[in-house]
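Peer 1: Each chain, letter by letter, is given below.
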Amino acid sequence: MKLSKNYFADERTDDFTEIGQPRPRSDIRGHVTGRTAYFADRTFPGLLHLKMVRSPHHHARIRGIDTSEAEKHPGVARIITAKDVPQNLYTILILIHVGPEDEHVLAEDKVRWKGEAVVAVLAETARAAEEAAAKVKVDYEVLPAVLSIEDALKPDAPIVNEHHGRNYYLYDSGECRKVRFGDVEKGFAQADHILEESYSSGPIEHAPLETSGCIVTPEANGRFTCYTNTQAMFFTLDNASIILQMPGHKLHMVGGTVGGGFGGKVDVTIEPVAILAAKLTGRPVSFIYSREEEMQVSSPRAAERIVIKDGVMKDGRIVARQVTAYIDAGAYSRHSPYGAQKSAAHFPGPYTISNVAIDSYCVYTNRTPSSAMRGFGVTIGDFALEVQTDKLARLIGMDPLEFRFINAYRDGDMKAHRQPTEGAALIECMQEASVIAGWPVSERFMKMSSRTREG
Amino acid sequence: MAVKRGRGVAAVNYPTGMNLGGDPTQALVHSTPTGSFMVTLSSVDLGQGLKQIMAQICAETIGVPTESVTVDTADTDTGPHCMGTFASRGTHRAGNAVIQAAREARQVMLEVAAEELEVNASDLDTDGSGNIHVKGAPSRSISIFDTALAAHFKHGRSISGRGMFLVPRSYPETETGAMKPSTCYAHACTVAEVEVDEETGEVVVLSVKNVFEIGRALNPKMVEQQLIGGSWMGISHALYETTEPYYPDREHGARDYNEYLMPGPGDLAETEIAVLERPSGDGPFGAKGPGEMCANPQIPAVANAIFDAVGVRVDTLPITPERVLRALRQRDAGATA
Amino acid sequence: MAKISVQFTLNGSERAEFVESGTTLLAALRDKMDDTSPKGGCHQGACGACTVMIDGELRLSCLTLAETCNGAQIRTTAGLANGEVLHPLQRAFEDAFAAQCGFCTPGMIMAAAALLERNPNPDRADVVEAISGNVCRCTGYEPIIQAVLLAARANSTSAA
Amino acid sequence: MGISLQTFSTASEAQAALGVSGARYMGGGTLVVRAVNEGDLLFSTIVRTTDPALSAIGTSDAGVRIGASVTMSMVLAHPGLSYLAPAARAVGGPAVRNMATVGGNLFAPAPYGDFTVALLALDAKVSISGSGEMALEAFLQERDSLGASALVTSVTFAAPTPDSFRFLKVSRVHPKGAAVLTIAADIREEAGSVVQARIALGCMADRAIRAHAAEVALVGRPRTKEGIAPALTAALEGIAPPTDAIASAWYRREVLPVHLGRLLLS
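Protein chains in written order, with the working numbering: chain H, 1 to 455; chain P, 1 to 337; chain C, 1 to 160; chain U, 1 to 266.
In short, the hints are calculated from the structure, not lab data.
Computed from a predicted model, the values in this text were never measured in an experiment.
Don't take every hint at face value.
Which residues of chain H face chain P? A partial, calculated answer using Cβ under 10 angstroms [unchecked claim]:
{"no.": "1", "residue": "M1"}
{"no.": "2", "residue": "I19"}
{"no.": "3", "residue": "D27"}
{"no.": "4", "residue": "K114"}
{"no.": "5", "residue": "V142"}
{"no.": "6", "residue": "I149"}
{"no.": "7", "residue": "E150"}
{"no.": "8", "residue": "L153"}
{"no.": "9", "residue": "K154"}
{"no.": "10", "residue": "G261"}
{"no.": "11", "residue": "E304"}
{"no.": "12", "residue": "H335"}
{"no.": "13", "residue": "A408"}
We put the CB at the ideal spot given by N, CA and C, even for glycine.
Bound conformation, chain H alone (with noise of 0.2 angstroms):
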């Protein structure tokens, strides 16, 4: 790695003694001897195996569940289903005001994705509980599913999610998040040449080599001890205590290095249920999801579906852009409509454009509901933004690094999101990717600089 010091050196002074030092990490030697405690490097007597018997179909109503011959099976400690648990009815985000609650922690009357958590099965050991599970009878009766972003928002599809009773999520301003800046219609009525191209994506896993999961235990003094991977200890701490119905003081989430990340350890799936396990059986009880699980039930990143309309002009300056966006949020909420919501700000990307009109959706699915993955709202469309901007540069016939410099966006310049550029630096990349990457541009590019508009 090249420490490019020669940029913005005026803006930096360099004179510190820790900041700036390549240290070692303070964690590095566990890690090399095995020794970094884990949340599941620890045992417990009387530790009981948490199994979850998932919906095997996309959308059904249940008609019934019949958990009296999992009871029976030798080594089961317990069975607990929905109506085990306090305030069953949730969404993770009401913690900062965002509803409705459209999920339930175990399945009530209906699921609405193929893995769905129903019932939870309690036993001695994992066989146990994997052969109690399969005791388990939930009789369904199959309903319609609704598996793309195009079939949900046709006008007769079936609703997906009755907690929203249409199948977007419904924001102050509407269908979607919207963002209005200048006059996008008058833009392209000045456009030289239009563009509009579509991009999509499938869900993608986080993948971390340590797999969700938590370990409770019940303490002498009525309280409760988590050990957990989450991202975000107090976000579960507060989604647990509303849905246990729990003062917060009960519970105790306790971290320590987490075997990855990226964005799939910020839901509330797992520990709620396995503290309620540790509460109704008195014994310590251990939640972690089966590396299939982790592929397939934990939150994806969403699949998405971008729509962007260009106006250009020979010279290169983008004009107008327009942009829909689609995003799958799968059955529930979860993150997903502030994922959408942060989409749109992200929207045109790092260039000035003065008409800008965009529209991100929150789309409701019987699949997989989607969450948080690192670049969470932006990723999939940076992939659509520079591949159109690619697009854009060939179609006048421009070299695509100075199709670039033309339309970046620069200090004190007005976002379509109506927020002054500050601290940009996106040409300064540009250029140094020139040098690096042997990419030359024109001299006048080289010239540019991100703090004024003169060159």
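With chain H fixed as given, assemble chains P, C and U onto it according to the hints.
Peer 2: Frame of chain H, contents of chains P, C and U only:
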């Protein structure tokens, strides 16, 4: 074999934090009786190295060596609130909270030292290796060890501080979407070079040259780690990854690491990284959050390089050999039509 | 449930425990013998985080039944260091910043150790092959490859 | 119920134990222990044998015999089996290769079972404890109906001539990745044309298959771009490639002729 080469570029920015819901993190700092420092947080270290970075930030602020700072984190009984480790916010939000707490602790420490040395606290400075001295008179000094002992046993002072960083919640304006969704922005530009096999649709990423602007490299080796790993993940996203290869069909989803495709150690692109530092106004020592951004520019850069090589666009992720081959077939059909 | 006795040498110490029949070596090491250095990343044999050496051969402890290890010599990353003196690979992983979350590291180091014991002067391709059964999600592998090559160089230098 | 492991010193004892319901034979454990870990309830007794005969490799003029318990690493280490090294190396990473057995590989479903593809191209025979030998091709077709008590003890085949044997595994991930497709071929040539060809394909059905039509199309022709062209077309006859997370049936079908051509011309 019909193998074609191409290169592509992409440039991106990335917001630090998530203040659409309010974005708070708190920190506490205190000294032990012998002048070691403890930072208490509830933020989570996911492997990005938050503990080490917070120790360096605290040490720099108080003026002590990093080794004398211990970071106690991820415990809700001891650590004050943190929104969580996500949205590229850990270093920025927790770092700011630690600076504020450490400044307060430093002030108390200097006040105690001032009493011991019978000078004004404002006349004192630290030497970074465990001593406090009168500015311009290094011989008039007291060790932090002795200062802490004096604070605890003689002056009844707690060398401690509280830190809080809160970006107030931003509510988007209904009609225009005017909002302040984050604070500072990090930047990147990537040039990717690929080889495309026109008979099989297979893509090999030969090299990526990444430039990242991250505000301040608080620990350059740790920055490098994250940027290399992120660059790999970006390429992985571009060409390999999905839990549902035939989306929206839900069949054939990956269940293990054999089926969930990611580049192996034999698939690595030659990776070059340059880092620029334009300190942000509100970041700890100017730092921004590069953790997420570093995996983004490779994706479009690779897509654009594929077009440069063989003249086809695959606008759906991941860009699998199958999608490339189908596009090539379409290209060839169009050429003969 | 039936308990079976298992007895083997773990990092040079004689160990004996009763486990349920069907218990994997990984579970026996972690739950019964306080060696949590092997990690359970998948229990499918596809991630390598549980990699150990059995009688000098690299094995996946998640796919090995504990009771098949009676009498065996088992080595894990927890036993690599000689007191406070790190194994050259451990030192190299530190120096090369070859770990982030650290979850794959113990398995990765065992895979590398098996390589260096067979081939003290590996080239890059040898290292790539040696760690090919071990998944890392953080580092992008390059720092790990560099660390193993660094350890090999350190070994050959100290031997010279 | 739990799991119980039964270990026998001879293959015949193990085979007898497999007659009990709920019993499954374990070779190296890469398939069976994974199934246990994933909560497979179809079996509760694991049977294995430490019979040294199953771990033996014999090479002589009469042919090659590889015991069913021989691991991929043992194949790799054997100087007389160097032509099989690429196929053995195609299985898993080093730790898996120390565990995965030749016998177990015969039961691995697509996209696994790369070593079996090589054995199929060598026209191997499979020895089953108590019921003699059968051709590998027939064994693969019948393996699901052989019953749980069928215990494979070894595979036998005639060694290929020097340089006649070719193996290719195409995967997305390197150096270890599940197969997009696997091809093994034993091609004998005289006076500039092919006199005998055996081609086996992996991932062109749910298990390894022979490409008989391609073999026929190759015989009597030179191993040139034009010479192999009919074989490349014929290779598509009778295939039914699976769609899985690695690749679709369409893709596998499309690239089979490309990779087969490259292998034959290499």
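Peer 1: Minimum Cβ distance from H/K114 to chain P below 10 angstroms?
Peer 2: holds, 6 angstroms
Peer 1: Would the stated hint for H/A408 survive a check requiring a Cβ distance to chain P of less than 10 angstroms?
Peer 2: The hint holds - H/A408 has a Cβ within 10 angstroms of chain P, the shortest such distance being about 7 angstroms.
Peer 1: Hey, does the H/V142 contact hint survive, CB to chain P under 10 angstroms?
Peer 2: violated, 14 angstroms
Peer 1: Please check whether H/E304 passes as an interface residue: C-beta within 10 angstroms of a C-beta belonging to chain P.
Peer 2: Check passed: Cβ of H/E304 comes within 9 angstroms of chain P, closer than 10 angstroms.
Peer 1: Against chain P, with CB atoms and a cut of 10 angstroms, does the hint on H/L153 hold up?
Peer 2: violated, 13 angstroms
Peer 1: Min Cβ distance, H/I19 to chain P: is it shorter than 10 angstroms?
Peer 2: Since chain P brings a Cβ to about 5 angstroms from H/I19, closer than 10 angstroms, the hint holds.
Peer 1: Would the hint on H/I149 be counted as holding, given a Cβ-Cβ threshold of 10 angstroms to chain P?
Peer 2: Nearest chain P Cβ about 8 angstroms off; hint holds.
Peer 1: Min Cβ distance, H/H335 to chain P: is it shorter than 10 angstroms?
Peer 2: holds, 9 angstroms
Peer 1: Is the interface hint for H/D27 satisfied, with its Cβ closer than 10 angstroms to some Cβ of chain P?
Peer 2: Holds, about 6 angstroms.
Peer 1: Would the hint on H/K154 be counted as holding, given a Cβ-Cβ threshold of 10 angstroms to chain P?
Peer 2: Violated: closest Cβ of chain P sits about 13 angstroms from H/K154, beyond 10 angstroms.
Peer 1: Against chain P, run the beta carbon of H/G261 and see if the smallest gap drops under 10 angstroms.
Peer 2: holds, 4 angstroms
Peer 1: Let's test the interface hint: is any C-beta of chain P closer than 10 angstroms to that of H/E150?
Peer 2: holds, 8 angstroms
Comparing the model with each earlier hint shows violations of hints 5, 8 and 9; every other hint is respected.
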